[in-house]
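Undergrad: Using the sequences and the accompanying hints, generate a full structural model.
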Amino acid sequence: MSQVSQESQARAIVYNFLSSLFAKEVTSDLVAQLTSDQGQSFLNSLALEPSLSASVNEINAKLGKLNSKELLLELAADFCGLFLVDGRTSVSPYAGQYLSAELGGEPSDKLSNAARNESGSKRKTNKTQLFGELHQQMTEFLTDNKLQIHSDFPEPGDHIAVILAYIAHLCVTSGSEQQLSFINSYLMTWLSDFTQQVNKHDHGLFYCFVADLTLEWLKVDTEFLLND
Amino acid sequence: MKRRNFLKGILATSFTVISTASVLTPLTALAKIGAKNRDDWLTTGSHFGAFKMKRKNGVIDQVKPFDLDKYPTDMINGIKGLVYNPSRIRYPMVRLDFLLKGHKSDTSQRGDFRFVRVTWDQALTLFKQSLDEIQTNYGPSGLHAGQTGWRATGQLHSCTSHMQRAVGMHGNFVKKIGDYSTGAGQTILPYVLGSTEVYAQGTSWPLILDNAKTIVLWANDPYKNLQVGWNAETHESFEYLAQLKEKVKKGEIRVISIDPVASKTQEYLGCEKIYVNPQTDVALMLAIAYELYTNDLHDKDFIKGYSLGFERFVPYLTGEEDGIAKTVEWAEKITAVPADVIKELAKTMVAGRTQLLMGWCIQRQQHGEQPYWMAAVLATMIGQIGLPGGGISYGHHYSGIGVPSSGAAAPGAFPRNVDEGQKPIFDSTDFKGASSTIPVARWIDAILEPGKVIDANGAKVTYPDIKMMIFSGNNPWNHHQDRNRMKKEFHKLECVVSIDINWTATCRFSDIVLPACTTMERNDIDIYGSYANRGLLAMQKMVEPLFDSLSDYEIFTRFAKVLGKEKEYTRGMNEFDWLTKLYNDCKKANDGKFVMPEFEQFWQDGYVHFGEGKPWTRHAAFREDPEINPLGTPSGMIEIHSRKIERYQYDDCKGHPTWMEKSERSHGGPGSDKHPIWMQSCHPDKRLHSQMCESKEYRDTYTVQDREPVYLNPADAKHRGIKNGDVVRVFNDRGQLLAGAVVSANFPKGVIRIHEGAWYGPVGDDGSITGGAKVGAICSYGDPNTLTQDIGSSKLAQACSAYTCLVDYEKFSGKLPPVTSFQGPLEIGA
Amino acid sequence: MKWFKNLWQTLNTPAKYLTLGSISLTAFIMGVMFWGGFNTALEATNTEEFCIGCHSMESKPYQELQKTVHWSNHSGVRATCPDCHVPHSWGRKIARKMEASSDVWGWVFNTVNTSEKFEDKRLEMASREWARFERDDSLACKNCHNYDSMKWDTMSKLAQKQMKRAAEKDQSCVDCHKGIAHILPDMGTARAPQLIAEVGTGPSKFTNEQYYFSALTKPLFFSAKGDVEAGTLNVATKVKILESKENRVKVSISGWRKQIGAGRVIYYDFGINMLTAQLSKEAAKTEGVINGFEEKEDEMTGLKWQRVETTLWTDAEYLITEQQPLWDYARTTFRSSCSVCHTQPDEAHFDANTWPGMFQGMIAFVNMDQDTQALVQKYLQQHSSTFVKKEH
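Residue numbers (the numbering used here), protein chains in the order written: chain H, 112 to 339; chain C, 580 to 1409; chain W, 83 to 474.
What the hints contain is simulated information worked out from the structure, not anything from laboratory work.
Backbone N, C-alpha and C fix where the C-beta goes; we use that ideal spot for every residue, glycine too.
Treat the hints with care, since some could be wrong.
Calculated cross-link-like contacts (lysine to aspartate or glutamate; reagent style EDC-like; alpha-carbon spacing at most 20 Å) [unchecked claim]:
hint : chain 1 : residue 1 : chain 2 : residue 2
1    : C       : Lys-1167  : W       : Glu-280
2    : W       : Lys-363   : C       : Asp-1204
3    : W       : Lys-367   : C       : Glu-1206
4    : C       : Lys-1167  : W       : Glu-379
5    : C       : Lys-912   : C       : Asp-1252
6    : C       : Lys-883   : W       : Asp-380
7    : W       : Lys-386   : C       : Glu-1191
8    : C       : Lys-635   : H       : Asp-255
9    : C       : Lys-1172  : W       : Glu-211
10   : C       : Lys-680   : H       : Glu-181
11   : W       : Lys-246   : C       : Glu-1191
12   : C       : Lys-587   : H       : Glu-118
13   : W       : Lys-386   : C       : Glu-1206
14   : C       : Lys-1167  : W       : Glu-211
15   : C       : Lys-1223  : W       : Asp-230
16   : C       : Lys-1172  : W       : Asp-218
17   : C       : Lys-587   : H       : Glu-181
Taking CB as the label site, the calculated pair distances span [to be verified]:
hint : chain 1 : residue 1 : chain 2 : residue 2 : range
18   : H       : Gln-289   : C       : Gln-641   : 32 to 38 Å
19   : C       : Asp-919   : W       : Pro-301   : 28 to 34 Å
20   : C       : Asp-919   : W       : Glu-369   : 56 to 62 Å
21   : W       : Gly-374   : C       : Lys-926   : 42 to 48 Å
22   : C       : Lys-883   : W       : Lys-322   : 35 to 41 Å
23   : C       : Gly-1190  : W       : Pro-301   : 31 to 37 Å
24   : C       : Val-1354  : H       : Gln-289   : 53 to 59 Å
25   : H       : Thr-146   : C       : Glu-1179  : 54 to 60 Å
26   : C       : Lys-1167  : W       : Glu-377   : 47 to 53 Å
27   : W       : Gln-148   : C       : Gly-1190  : 37 to 43 Å
28   : C       : Thr-698   : H       : Ala-172   : 25 to 31 Å
29   : C       : Gly-1355  : H       : Val-283   : 56 to 62 Å
TA: Right, here's the structure in full:
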C-alpha cells in the first residue's frame, strides 16, 4: 500500500511539474532548479521511460541553452504568443475552446459554416466564450475537493494547468478508476488536439516538447492506471 | 514494473521544490460576496441599454433589459460576448523589442509581433519611463494623449478622465479639439445658429408630434441611431417614433426622408422618400431656396427680424454672383431629384409647420460645413425657427434628444484634470512653437509633417512633432481614415500605450498594452435616458475583474503611485467613497427638486427615477425676444452670410453656403469614371461604433461568411456577377477589403454601405498574417476606413471627411483568408 | 389641553390608517368629511387662532405678515397662517402634522420663547418651511397663484422671461420668492451658494467713485427706494459706485450697445458680445437713463454699435472689490463641469464671440445654476483669444 502511495506521490509531482510549465513562463529560478543536480536527476528519471525520453532530452537541451535574460525573454514571448493571447497562431489553453462544440455551442448560420470549412480548421474560427461550462464544472470539482485556484493564477478552471494540478491532487486522494475517468473525460478528449496546435505554432520548439511530453506522459499514465 | 521504478526515482530526487508551486490552494473562505446576494438580479447600464444581470456559479448567466426600458435593443445579447471574449487582454504586456530596446525599438514590427507578459508594476514603471524620456527629449509637444471618442458608460471609471488626469500629473501633452462624428457641424453652426446644435437638447417630440404638419428627415436614420446613447440608454425616443408611425399611417403628419438609401427609419415609418445623389444635398437645398425666393414664398419678416446677410446670399442664389442660377433644373442635373419634385418640396415646406431633422452623415464629408449651413438658411427662409414643430434640429437621432429633460441635476464625474494648485512632474508648457491643441482628425497629418502650419477655424495651427501616443478605451485604428496612410506614419512614433478590454487593432499596434476590466467587473454610477436624464443608475459589479485586468480607477491609481502621487490622484478615496461622493453631490444639487434616498438605499434599489420632463421648444426664447435672448453668433442673429468667415478668405468655406464639387463624387462626379461607387460608412445598426464588434456570438447574427456585410445594389451586383452571400473585394487606390455581400434594393445604383466600426484585420495576399503588416494589405473583415480619405472637411473645421469616398468592387475569387481582426498580436515566429 | 390630546392621538394613529385614500381638494372644500373625530381634530388645528395660540407668534411672524401684500391687497383676499403653512392636500397635511410635533416640542420646552431665541432659530425654521414648499412644488402658493392664470402681459419682459423659465420647469415659487410674508432670515444666499461662499457677499460700506464687481446677476432699479426694476446687471460686471442710500447704491455702468431693437442690451466693449447689463424696455425708453456717445460699425457683422453709459440703482450687496475671485471660481467650475464628457478646450482656443455658441451648445449635461452659467460664460469670454494672445 505504501508502495502505491509513493508512486502516487511521484505521479503527482510529474503532473504538478507539467502544470507549472503551462501556468507561467520559465524563469531563471526554474532553469537553475532544473539544471541543478536534483533537477537533472528528476528529468533523467523521467527519461527512463522510453516514450518520454525524446521530449525530456530536448527540453533538457533547451534548458541548458537558456543562459541569458534575452533568451528567457524570447521563450517568454513564445509562451505569451501561444497561451496568453488569442489568435490564429496561438493555442488556447482552455478545454472549453476544444470541447464546447460537443457540449452544445452551435455555430450560427450556414454561410458561416461554409466559410469555416473553406478557411481551415472549424475549431479555430469557432471561438467560444471563456469561463464557460467546463470552467463551471472544474470550479465545482475543486470546491468539492476543498480546493480553489490560487489568486496569483487568475485563469478559468478549464485551463490546462488547473486540470493537470487537479489530477495531481487526485493522484494522492482518489482511486485509479476515478482518476482515469476524470483524465479521460476532461483531458484526453482534447489533449492531442492541443498538442498538435502547439506543434503547429511554436517555432521556438520548447513548448512543442513540453506539449509532447505531456501527451506522452498521459498515455503512459493512463495505461498504468488502466492496468493498475 | 520498470515504470514503477522510474516513478520511485522521481520521488528519490526530492524534487518537491518545484511541485509545491501548484496553481491550486486549499479552499479558503468562499469567494468574496458583496452585501447583496450575487445570484440576485443586479443592475447596470451601457450605451446599448440599461440592463440587469444574473450570475450562476460566479459567471454572468442571464442578461435582461432594465424594467424601465420599454424598447430595448437586442445588442444587450452581445454583452456576455464582450466580457468572456477569448480576445480579452488578460495580462499587462509589452512588445518584446520595445522591452529590449525601448524607444530605439524596431517600430516597423508593430502590428504583427511578439509580446511578453509583465507585472503591473513593471508595465507601469515602463510606462512612466517612456513618459520621462519623451518629456526630457521633446517636451510636451512630443506626447499626444488627447484622445477622442466614446468609452464604456459610467461616471467614475470613464477611461479618458483617468488616463488624462494621471498622465497630466506627469506632464503636459498635445490635445485635440472637435470629434469625428460632428466635426464640421459643431464648427460651422456656432457661426450660423450660435451653438453647436448637434449636442444641444432639441424641441420635444410631443410638441413636434402635436404641431408639425411635415417632418423632413434629411440624411437621418433615427430608428437605427437611437438604439445607442452616450449614457445608459433607456430608449424613450422610440415611444415617440411609434406615435409618429401612427400619425403617418393616419395621414396626420407627412414624413419625407431625403436620402440616397432606403433607411431603417423609412422602412419603419412607411414614409415618403426622395432619392438624392450622394454628396449633392447642398445643391438640392439651394434649389429649394431658389424656388422659395423666386416665388416669394420665403418669410421676409422672419429673415429681417432674426437674421443677417440674406442680401449677400441672394446674388449667389440667383446667379448674379457666379453666373449660375440655382434653379431646380440646375439641381436636377447634379442631384437627380426631378425639378418638379423639388418644386413640390419647396411648396410643402412652407405650406404648414415643417420640422427639419438633419442627420450627421452629410457633414462628415468634404465641405461638410455647407449642408448644415445651407439647411439653417433654408429653415430661416421657411421662418419657423423657434416654433414648436417647426425650425431645424441637428440632433433628434442622438442619445434621446427630443425627449423632454427631467430637469434633474446629473452626477458629476471623477475629475479629468489635475486638481487646482498641483503641478505635473514635468511642468514645461513649451510646445516649441507648435500648437498644443490640434483638430481631432489631423493627427496623422501632424506625424507626417511636423511643423507644418495649417488654417483651422480662423486660426493657424502648427503641427507638433508627436513621438508618443496613449490610448485608453480608444481605438483610432477604427475611427481614423485611410489605414494604409496610418500604417506609413504610425511607425514614426517611438512609443504607443494602449489600455483596453479586448485586443483591438490599436492594441496590436502598441508597445505597452494594459488590461482594463469591463463595466460588469466594477461599480459605477450613471444617468439613464441621456439627454432626458430620466434617473440615476447604479452600475453594480457582477464579477471580479477577469484575469489580471483592473478597473480604470485602479490602473491609474497604481500609476499615480509609481509617480509618487497616489494621494493626489485619489484624494484619499476608494471606489465606493467616490461613488458615494458623486451620488451625494448629485443629491445635494437636486435637493428640494427631486427626492433621492440615501446612497445605501439607492444602491440597494439599483436606480432612482426622476420622471418625465416638460416639453420645450428650441430657439423659442430667441424668437420671442432676439435682443434679450440673442444667439451665440457674432451678431446674435442667424447669420445667413458670415462676415467673420468671409474674412478668413478660405477657398473651401466662403462667406455664405456654397455648392462646391468634391474631390471624389459618384454619379458622374470627379473620379467616378475610375471608381464609380460611393461608399457610405455610416454608424452601425448593431454596434456603438466599434464597440461590440468583437462579441462573437452576436456578430454571427449579422456577418456573412464571417465578414462584415457590404450592402449592394442588385443591378450593380448582378453586373459584377455577385450574389447574396458572396465575399466581395472592395477597393480603390487607397486600399482594399473583404466583406460579405448583402444584395438589397434599399441601396441604389452606384451606392454601397459598409458600417463603420468593423474591426481592422489585415492579412497578406497569401493569407499570411505577417503580410498584414504591409502597406496595402487587404482587410480580412471589412473595415471601411481601409478605403476612406484622410482629408479635412475644409480650412474651417478640418474635420473628418469619411463620406467623400469612391470605391469599386468585385467578386472575391482567391483563397479566402481567415479573419484576423479579433485576436491578439499575431505572429509567433521570429 | 384637549386639542393636545386629540393631536397626540392623531399623531399616534398607526400610519396605515392615515394613508387611507387621499380625499381630493374639491371634496375637502365642499365640506365632505367622512372621518369623524380624526378629521375634526385636524380641522381644529387649521385656524389662525389655533396657530398663534401656541406658536408664540403674535409678536413675530404674525406681525410681519400683517405688513405684507399677503395680508392687505387690492383683491381683498388674505392669506392666513394655515393657507401657507398647512399643505392643502390630505397626504401632505398628515405628513405636515407629523412634522409639527417638533413645533409642539418647541412650545413645551420654550425653545423659541424669546425674541432673541426666535431670531436665532429663524433661519432654521424658515429653511424647514422652504424645504417643505419645494417638496410640495409650492402647492400652497399655487392654490392662489398658478402659472397658467398669470397675467403675463402686465409683467415686464424680464419678469416674463424668468417666470416662463420657472413655469417650464414648474419651479417651486420660493426658489426666488423668499421673504415675501415674513422677514428674510439672515443667510448666505439661496442663489449660487457655493459661488457666494467663495467670493463673499461684498463689503457693507462702499466708497464713492470706486469700482466694484457684481458677484451675482443683480436687479437694477430706477431709484433708491422704488420697486420698479430697470433691468439686470450681469454677473462679474465692473461698476462704479456713485452714492449709497440705505440699502441701495447708485452705480454707473458703461459699455457698448448694438443699434438694433430697443438697444437695451449693454455689452462689455465694442463688437464684443460679453453681457454687461440688460435694461427693461421702459428703462431704455426713459429719457436720460442711457446716455449714448460715439457710434462705430462692426465689420464682423455690419451692425452699428454705440458707446453708452447708464446710471441706476442696485441693492447694496453682492458687489465685491475684486474680480479675480470670481474668475478663480469660474475656472474651477469650468474645468470640472466641462470635462465630464470630453476634455475641456483651452479658454484661449476660441474668441470672445465664439464662446457663447460653443458653451451654450454643450451644456446639456452640465449642472450649473443660471448665475454660475453666466459667470462661466463670461470667464471664458474674458479669457478667450480676444484678450489672451496665445497661438493655438
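Undergrad: With a cut-off of 20 Å on the C-alpha distance, tell me whether Lys-1172/C and Asp-218/W pass.
TA: With Cα atoms ~9 Å apart, Lys-1172/C and Asp-218/W stay inside 20 Å; holds.
Undergrad: Given the hint that Lys-680/C pairs with Glu-181/H, test it: the Cα-Cα distance must not exceed 20 Å.
TA: Satisfied, since the Cα-Cα distance of roughly 11 Å is no more than 20 Å.
Undergrad: Taken at face value, is the distance from the CA of Glu-1191/C to the CA of Lys-246/W at most 20 Å?
TA: holds, 19 Å
Undergrad: Just to be sure I understand the hint, the distance between the Cβ atoms of Gly-1190/C and Pro-301/W should be within 31 to 37 Å; is that true here?
TA: Hint holds: Cβ distance 33 Å, inside 31 to 37 Å.
Undergrad: Hey, Lys-635/C versus Asp-255/H, does the alpha-carbon distance stay inside 20 Å?
TA: Satisfied, since the Cα-Cα distance of roughly 17 Å is no more than 20 Å.
Undergrad: For the pair we were handed, Lys-363/W and Asp-1204/C, check the Cα-Cα distance against 20 Å.
TA: holds, 11 Å
Undergrad: Would the pair Lys-1167/C and Glu-211/W pass a check requiring their Cα atoms to be no farther apart than 20 Å?
TA: holds, 17 Å
Undergrad: Do the Cβ positions of Asp-919/C and Pro-301/W conform to the proposed distance bound of 28 to 34 Å?
TA: Violated: the Cβ-Cβ distance is about 58 Å, outside 28 to 34 Å.
Undergrad: Is the straight-line distance between the alpha-carbon of Lys-587/C and that of Glu-181/H 20 Å or less?
TA: Given pair Lys-587/C, Glu-181/H is violated - Cα atoms ~36 Å apart, limit 20 Å.
Undergrad: Just tell me: holds or violated, for the beta carbon distance of Gly-1355/C and Val-283/H against 56 to 62 Å?
TA: Since the Cβ atoms of Gly-1355/C and Val-283/H sit about 59 Å apart, the hinted range of 56 to 62 Å holds.
Undergrad: Straight-line Cα separation of Lys-1172/C and Glu-211/W no greater than 20 Å?
TA: holds, 14 Å
Undergrad: Range first: 54 to 60 Å. Now tell me if the beta carbons of Thr-146/H and Glu-1179/C are that far apart.
TA: holds, 58 Å
The structure does not agree with the numbered hints 4, 7, 15, 17, 19 stated previously, though it agrees with the rest.
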